[in-house]
Every structure is written in structure tokens, then in C-alpha cells.
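When you get a sec, could you build the whole thing from the sequences and use the hints?
If you're matching them up, the sequences are chains E, Y and H in order.
Under this note's numbering, the residues of the first sequence are numbered 1 to 145, in order.
Under this note's numbering, the residues of the second sequence are numbered 146 to 290, in order.
Under this note's numbering, the residues of the third sequence are numbered 291 to 435, in order.
What the hints contain is simulated information worked out from the structure, not anything from laboratory work.
Here the structure is a predicted model, which means the values were calculated and not measured.
It is possible that part of the hints are untrue.
Restraint-style ranges between C-beta atoms, simulated for each label pair [as the list claims (entries may be wrong)]:
hint : chain 1 : residue 1 : chain 2 : residue 2 : range
1    : E       : 68        : Y       : 195       : 36 to 42 Å
2    : E       : 30        : Y       : 180       : 35 to 41 Å
3    : E       : 68        : H       : 362       : 32 to 38 Å
4    : H       : 382       : E       : 70        : 33 to 39 Å
5    : E       : 122       : Y       : 272       : 25 to 31 Å
For each residue, glycine too, the CB sits at the ideal point set by N, CA and C.
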Amino acid sequence: MSVSTTSRSIEHIYAEVQQFYARHMQLLDAGEAEEWAMTFTEDGVFAPPSLPEPIRGRANLAAGARKAAEERAAAGETHRHWQGMIAVDPRPDESLHVTCYTQVLVTPRNGSTRLHLMCVCRDVLVRENGRLLVRERRVTRDDRP
Amino acid sequence: MSVSTTSRSIEHIYAEVQQFYARHMQLLDAGEAEEWAMTFTEDGVFAPPSLPEPIRGRANLAAGARKAAEERAAAGETHRHWQGMIAVDPRPDESLHVTCYTQVLVTPRNGSTRLHLMCVCRDVLVRENGRLLVRERRVTRDDRP
Amino acid sequence: MSVSTTSRSIEHIYAEVQQFYARHMQLLDAGEAEEWAMTFTEDGVFAPPSLPEPIRGRANLAAGARKAAEERAAAGETHRHWQGMIAVDPRPDESLHVTCYTQVLVTPRNGSTRLHLMCVCRDVLVRENGRLLVRERRVTRDDRP
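Have a look at this one:
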């Protein structure tokens, strides 16, 4: 039998999840699209508020992140994704159901930072080979409730 | 003798407090007024900067949160309370004295998110039946120093 | 042999770092310049984006923080430094290499809070007599990439 999630302490899980999000979003914001996609499961799903259909699988996730990074570069903007108020619900199947808030902060070159979007992020995180990965992400925007 | 707070590791306490605030504020922002009030002690006190007198007790806390949720709904706004920079000071009586920063972020339907208030939140958290609860909260606004 | 950093659990280190930053920035924002400088090593270095040369040593760090606090008081402003998305990389020499995001939030008396700066903070934290201290800090601004 594998080690169950529930055998890990809440403090261990909570630190892991925070550290995971920090690296995950730093990769995204740095335009490291392929490395970011590797923090999803192979068949990971991301349902962003901006698209009619979810993005499925690492290749598509990487392509989407690559395109977004190129658009930011062309616009001379830096984007930061900031997760907070992270509530982690460990499930018997070892997955972690996370509900957190996300700020998307945009800074143009030589301009003022603006709070571009306020979102709620609902993730299912799973462990593969000891590492946390996103299996499913659903994001809603506060301006489109 | 009960288990003293100081017998818990700092990492355990710190994860508990962060998780507590995440759920506590998610309840408030979702308009779950009664559930939110239950995260205070029965005689819990909340001294917000907007009122001349503190709010005392779960019934009054729930009524206040319910009224605020109705006002937000009428205005077509979503509010998010975001705690950060959380400093936890465990006391010998098993209470936790917390000083943290709070952003209040407001998003109108189809509008831009604004940083409505920047506050400092000073809480006394206590444990009842193993769960953390707010016994006392004092909040100050940076724009009314 | 001293206890190596790697003998501490990630959850312990992660809680310590978060708690450290909370107190560190609360001291800075409260204008406790000397106490803040004591959270650097004696020869600590801070390379902010606003200066051509890094600030070196506690006396200079305290003087800089004191001057900034006086300028804020004269302007009638409150500043908040908010670290988030904290990624901690423990090294074999027991130092902690941290990369995190920093919001600098400014609130004028009776005015609206503005997100003054969005930064990336890269720290080297070390342990002296059991306490974490900043040995080196390099900060970049998103508007001056």
C-alpha cells in the first residue's frame, strides 16, 4: 500500500501546497511554459474563465502559456499570479482539494501596477512520484460572477 | 491537564492559523453569515474600524455579516478579505495573539477590482474542542491612522 | 557538528520563514528601524532597485529605514510590504535561498490605498543563534525589468 495523504501531517501538506504554488506561478510568470505544464498531470485540465472549453493535457497547457508569455512580452507587461487564503481539504483518495483566492497583477514597463483580476481558484492536486501536480483547475473571475 | 498550546510545534500552529483564516474569510465573503459567526467564540468580540462600538456575540456577528452580504448583493459587488504577513505569538494561557495585514478587495460586476481598504488585524485566537476560534478582533485602517 | 538546515523538516523551515517575514516587514512598516536592521546579519546587504549601490551593514540599514520612515510620516503615508508566493530552497551550507513576490502598498491619510510597486525579492537567509537573519537581499521592480 502506498502512503496515504492522511498519514501526512496538516503542517507538512500545507507547507508543500504553498511551496508548490509559489514555484508553479513563478514558472508561469517567467514564461517557462514547458516547465509550468509539467506541474500538471499528463492529462491535467485547466478551465480558465477566458476560454469556452478547458485546456487539456501538458502539450496544450504549454502552448497556451507560451502564447500568453509572447503576448505579454509584445505588450511590454509583466504578470504575477498570487495565490492566497489557501484552504486545503485532503481527501481519502489522497488528492487535495484546494480553494484559494488569486490576484493577477499586471505591470507595464515604466508604468503603474494594476490589479488586473481577482479570481477564485479551485484545484485538485494529486501526488505522483512524491511530487504534487495539478490534475484539475477551475478558475472563476469576481467580475463575471 | 489539557494539552498546552506550547506543546504544539510552531509549524503546526502556523499551518492551523493560515488554514483557519482561509476558511473564515471564504465563509464571510460567500455570505455564509451564520457559519462565519460560528468561527468566533460564543461571546466573541469584533471591533471593526467602521463602528463606534465593538460587535459582541455570535448572533450579532451573524446579523452584521448578513447585512453586509445583502448590501454587497444589492450593489452587485464581490468582496474578498485577504490576510497576509501573519505573525503568531503563542501565549502561556494557550491563546494565540496574531498580528497580520488585511487587504479588502472589491469587484463590481463587469467592473475593475479595487483595493478598497488596507488594514491591520489583531486577533486573539483560542482553541475550543480542538478548533481555533476568534475571541477578540481589533482592526485598524491605514487611511485612518 | 551543528544541526544542519536539511535536518529540519520543510514544514518547520517554511513556517519559520513566513513568520520571519511577517515580523521583519511589520518592523519596517512601523518605522522600527533599528529593530528591523537587527533582522539582517551584521554585514547584511540590501540591494534595492531604487539605489545605485547596495546598502551594507546594520548601521546603514537602520539609517536608511529611519530616513524612509521619516519621509512617510512627513507625507502622511502608511506603507506596507507584503511578501507572498514564497519559494524556499534550503542549501547544503544551511542557508535558505528564497524567491518571493513583494507588493508595496501605500495609503495616504484619508486617501485611497494604491499598489505602489510590484517586486521580486531574492533573499539569502542564514541562522545565527537559532534565529533567521537576512544576509543578502536583491529586489527588482516589475516596472523596470
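Evaluation of the provided hints:
1. E:68 / Y:195: 36 to 42 Å: holds, 39 Å
2. E:30 / Y:180: 35 to 41 Å: holds, 39 Å
3. E:68 / H:362: 32 to 38 Å: Holds - the Cβ-Cβ distance for residue 68 (chain E) and residue 362 (chain H), about 37 Å, lies within 32 to 38 Å.
4. H:382 / E:70: 33 to 39 Å: About 37 Å separates the Cβ atoms of residue 382 (chain H) and residue 70 (chain E), which means 33 to 39 Å holds.
5. E:122 / Y:272: 25 to 31 Å: holds, 29 Å
Every hint, counting from the list given before, is met by this structure.
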